[in-house]
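Protein chains in written order, with the working numbering: chain A, 1 to 159; chain B, 1 to 211; chain C, 1 to 782.
Source of the hints: derived by calculation from the structure; they are not laboratory data. Bear in mind the structure is a predicted one, so any value in this text is a computation, not a measurement. Using N, Cα and C, we set each Cβ at its ideal position, and we do this for glycine too. Keep in mind that the hints are not guaranteed to be accurate.
To be verified - Under the rule of at most 20 angstroms between Cα atoms (straight-line distance), these lysine to any residue pairs were calculated in the SDA-like manner:
| hint | chain 1 | residue 1 | chain 2 | residue 2 |
| --- | --- | --- | --- | --- |
| 1 | C | LYS50 | B | GLU110 |
| 2 | C | LYS652 | A | GLU126 |
| 3 | C | LYS715 | A | GLY13 |
Claimed, not checked - With beta-carbon atoms standing in for the labels, derived distance ranges:
| hint | chain 1 | residue 1 | chain 2 | residue 2 | range |
| --- | --- | --- | --- | --- | --- |
| 4 | C | SER393 | A | GLU125 | 30 to 36 angstroms |
| 5 | C | LYS187 | A | GLU130 | 43 to 49 angstroms |
| 6 | C | GLY73 | A | ARG23 | 50 to 56 angstroms |
| 7 | C | TRP533 | A | ARG23 | 43 to 49 angstroms |
| 8 | C | LYS714 | A | ARG23 | 42 to 48 angstroms |
| 9 | A | LYS150 | C | GLN24 | 30 to 36 angstroms |
| 10 | C | ILE689 | A | GLN69 | 31 to 37 angstroms |
| 11 | A | ASP85 | C | GLY73 | 50 to 56 angstroms |
| 12 | C | GLU171 | B | GLN94 | 15 to 21 angstroms |
| 13 | A | LYS14 | C | ASP587 | 55 to 61 angstroms |
| 14 | A | GLY35 | C | SER55 | 35 to 41 angstroms |
| 15 | C | GLN150 | A | LYS150 | 45 to 51 angstroms |
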Amino acid sequence: MAQTVKIKVTVNGKQYEREVEPRLLLSDFIRHDLGLTGTHVGCEHGLCGACTVLMDGEAVRSCTIFAVQADGHEIQTVESLGTPDNLHPIQQAFIEKHALQCGFCTPGFLMTLVDYLGDNPNPTEEEIREAIDGNFCRCTGYFNIIEAVKLAAQKMASH
Amino acid sequence: MKLEGEHVFNGPREAVWEMFYDPEVLASALPGTQKLEMVAENEYEGAMNVRIGPVSGSFTGKLVISDVVEPESCTLTVDGRGTPGFAKGVGRVQFIDQGDGTTLMKYEGEMNIGGALASVGQRMIDSVAKTMIRQAFEVLDKALEARLAAKASGSEVVDFKPPSETEFAAAVAKDMAGGLTKIPEVRLLMYIIPLVAVLVLLAVLFRGCSG
Amino acid sequence: MAGKYVHQSILRLEDPELITGNVQFLDDIELPGMLHAAFKRSDYAHARIKSIDVSEARKLPGVIGVYTAEDFGDYIKPGPLQVPPPTAIKGATYVARTTMPIAKDKVRFAGEPVAIVIAESRYIAEDACDLIYVDYEPLEAVVDLEKALQPGSPLVHEDLPSNEAGHVRQERGSWEQAVKEADLVIKRKFFINRNAGAAMENRGIIVQWDKHAKQMTIWCGTQSVIALRNQTAARLGLFESQVRVITPNTGGGFGPKINTSLPDDVLITYLAMKLDRPIKWFEDRRENFLATTSERDQVHYCELAVKRDGTIVGLKDFFYHNTGAYNPYMMTVPLNTQTHTVTNYRVPNFLTEFYVVFTNQMIVTPVRGAGRQYGVFVMERMLDAAARELGMSPVEIRRKNLLPANAYPYYTSIIGQDFVEGVLDSGDYPTSFQKTLELIEYDKFVNEVQPKLRAQGKKVGIGVACFSEGTGVGPYEGARVTVGGNGKVVVTTGYTSQGQAHYTTFAQIVADQLGVDVKDVKVITGDTGYFGWGAGTFASRGITVAGTATHLAAQKVRQKALKLASKILEAPEEELELADGVVRVADIPSKFISLGDLATLANPMRGTMEPGTEPGLEAVAYYGPPYGATGAGAVGLIVEVDPETMQVSLEKMAFVHDCGTPVNPMVVDGQIHGGIQMGIGDAFYEELIYDENGQLVTASFMDYLFPQATDMPKKLVLGHMETPSPLNPLGIKGVGEAGAIPIPSVFTQAVENALQETGVEFDRDTLSPSRIFTYVQQAKGA
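Okay, chain A solo, but in the shape it has when bound (with noise of 0.2 angstroms):
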């Protein structure tokens, strides 16, 4: 197990050298080996989403995902978004709807959005909850991370 491979990963823009081992997931090496920590990780199997990163634009699990299968890629986390004083807009609309609480599940949906949001800007409700629907949150109900969605899709269309 000591056996290591030496991965290259542009990470919010930054670019990481590390050996790790192979067996070592995407979601351990952000948080621990890199230190970002504003990925969580809620289920370790893929269902719960709090782990959503961006790959090469595209939201995915990075608790299902090893690090060396992310070699030569580019991964965003929540803390590429925005800043406490500079927020993202699906951000500052999480806060004006109150679509957040205990916040842990939080980050994997701004990311599964900022995916989703791009490729359809202006979703009905019904596709919202579809959007959402590989996301959990045990705290808000989903009700108000819904009106988020909209607000998000207004702001982001105003930009």
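Please build the complex by placing chains B and C on the supplied structure of chain A, with the hints as guidance.
For chains B and C alone, kept in the frame of chain A given last:
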């Protein structure tokens, strides 16, 4: 979980009974088997490595055969344990001479599983077991055919090649619902469960005793 | 009671940091030299341990140690009770068999730890677990609640004569009398199953021991820092002050995180000291299902005595309650069931009795709702059964029996989880019921919409149910409010947060008292280094109990500020006001002193402190209510059932709620939303299923169905009422569990109504498409 069913072997009862005599035939139907040894009269121990895809773990199994009425029936008790959990089964097997050169095998048994096998895999085990039974009989049918052919030609070499681990797992995966295979943990279980199911099933089918 | 901030939907102060990943959850914490723990757990629900071979695991490179019960010696013993026994209830009996930190000789549930590995990484620790070989002698598992009490059943605890863990019988009036007065006695049996807390963040703990400072620091997403600190100190022979418990940001609690003296905190605190290295353990999802406490089944035998006009004369409820393998949390859940059976309707005679039963399953402790919804379910189901037998409508029978608006305070005579008699402090149930009927457009649906849709072959149905929620119980919580020299305010409390917006709502309360900008109030929760007194986050008591303590502390600081400013500004206190961060003379705005300057002056460096005064613009206050404040409400639901698949689509839900003064209405709505989702899970998706051998067969999100966005009602209408609680100055009642409580009741009623022509009647709170199908088949065959 209950297992029950029947299968017609295209061969006389004695030949079928004899086939179960041979641990090698049985081991051949079980990819990954490291050993299958007789440790006492009517008692066997087997070990298999589960090392397919992301799964690595070892299973050890113990098989006890009782109530032997040669060549008609026996009761089999199997106890398998390993890192992904345990499986325990009891089965009653009957061989009925159909008078036309074929043998009807009837089996009924019960299997209990625990550990990760149960907590993460229970829902799939019924359908997987069905696949496994079909697969196992296919293997055993071929083995019987090869044995009978060898006997007919007086040859000592039995021309029978068991399926490889990979072919075996691929066949199981094919039988499973396609959608679930995208999830690694499901994928993982789809390999473990069949293997354990085979272990237990073989015990149920298995006669291989000196009785 | 409204203020500049209280009763306003201000946006949450914690969100900008939380939403950008700029916060710290437990597993984000990395300490130099930190080791990682993993547990080897039992595959058997009930078995004797013959031997454990750890030799191969110990040899694995990177493994620091592998420990079994033997290695801990006398340190391993059953933990303390987390909740005292119900001695306040006359005739109540109980035995306590509390949690074993690690199995010794015998395992009592699948998932119970038998060994712990400490290694350089979690990956290595888990590898080592696979190299531990345990030789078990399997025993027959105790799984079925009723069979468990029959003679000859295998015993979970062999030193006890049976699997009975306790018995409580309470009676108001006389059931015997009720039967005599009744025209009809209706009997039903109900099966209830509850689910996992399933917070998105699993449980975990990090422990660091500083051997030079003799100081232990624990980071843990616990719902009670005080219990964790006190029990750890007592166990290790330390002062409470030598143990600091800090809760980082926590990804949801929902009940199970209240528990302390579990294997992780007991073993890891010990090993961190022994090995002199920080240790982290963080649960994975399968462990969360197997080895984090949850709620489980009850079986109820219920009888309702009614007059022919639908008037209730009495109720008898006899039930069994599954407590799992150990009972550290005593009887909180079944007592909540007892109290909540009769808190919405006039039930002059009530006999309630339960047996608590040990089984070879995970320990049962509260999950959001905590047994309240079982009581509500039983009562609502009995009303539906009565309506059916009497030929009344579900609305009519409820109207007839609802407690009137002038009934409060209403004494229930039933002692609850807080060991005092249940008292409904305030409310207006008929109005909330009426409002719900209007919001769901009940009459229009029944008279116009439903017949039309039924004519098109659609299976549509409606339900309506009432509930109450005992909240904000004692014993007490406390808070300290401190004005700094910078003019900003810090609030510290021993209460803990898991996403309930305390950083905002407590700040709103303080900002109103001290006249500061709400953004200038910083709230610190769940850190014993800042505040070391309190009980914990449970029973929807945060805003009611800790919020009131915060309010009282802020009032004290206000008084101090006025007194000091009065001297400095040479004006009587009555002429002063606190606003915009200053104390000023109301009529002369130029005559003021800032709170910051006042705080500095309140801590004199020379001279003499006036006797009877205390330094600083700081105060501590505690609040303990005589009994809990009871929130209440009603819910209406319209469903459509697909007759082929029996999938239930939630077309519209109307939810009316009364939690007294909502400190932040937006946050109140959010609490209800989340509760509704858990209730929907409870009613139709989530179920912890144990097989006949005690194996949990739903230990992943593949089998344990977590409600997703497409499972929620297509339309949700909330209605609010505010009958302030007389128990606290702000008139607050809790709201944390409300949403979860009435959903199974309304769901079963609405689905029954949709399938009315089949005559189906449900006797359990967790349905599924296949269950509904089976019920319908049975109804057709009958």
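Evaluated hints:
For the given pair, LYS50(C) sits about 25 angstroms from GLU110(B) by alpha-carbon distance, which is inconsistent with the 20 angstroms threshold. A C-alpha spacing of about 15 angstroms is found between LYS652(C) and GLU126(A), which places the hinted pair at or below 20 angstroms, so the restraint holds. Restraint check for LYS715(C) and GLY13(A): not satisfied, since their Cα atoms lie roughly 41 angstroms apart, outside the 20 angstroms limit. At roughly 33 angstroms, the beta-carbon separation of SER393(C) and GLU125(A) lies within the given 30 to 36 angstroms, and the hint holds.
Roughly 45 angstroms separates the CB atoms of LYS187(C) and GLU130(A), a value that falls within the hinted 43 to 49 angstroms. For GLY73(C) paired with ARG23(A), a C-beta distance near 36 angstroms fails the hint of 50 to 56 angstroms. Range check, TRP533(C) to ARG23(A): about 46 angstroms between beta-carbon atoms, so the 43 to 49 angstroms window is met. Checked against the hint of 42 to 48 angstroms, the C-beta distance between LYS714(C) and ARG23(A) comes to roughly 43 angstroms, which is consistent with it.
Checked against the hint of 30 to 36 angstroms, the pair LYS150(A) and GLN24(C) passes, with Cβ atoms roughly 31 angstroms apart. Distance hint for ILE689(C) and GLN69(A): a CB-CB separation of about 35 angstroms, consistent with the stated range 31 to 37 angstroms. Our hint of 50 to 56 angstroms for ASP85(A) and GLY73(C) holds, since their Cβ atoms are close to 55 angstroms apart. The supplied range of 15 to 21 angstroms is broken by GLU171(C) and GLN94(B), whose beta-carbon atoms lie about 60 angstroms from each other.
Here the CB-CB span from LYS14(A) to ASP587(C) is close to 60 angstroms, well matched to the stated 55 to 61 angstroms. The given range of 35 to 41 angstroms is respected by GLY35(A) and SER55(C), whose C-beta atoms sit roughly 37 angstroms from each other. For GLN150(C) and LYS150(A), the Cβ-Cβ distance of about 57 angstroms falls outside the hinted range of 45 to 51 angstroms, so the restraint is violated.
Violated hints for the displayed structure, listed by number in ascending order: 1, 3, 6, 12 and 15.
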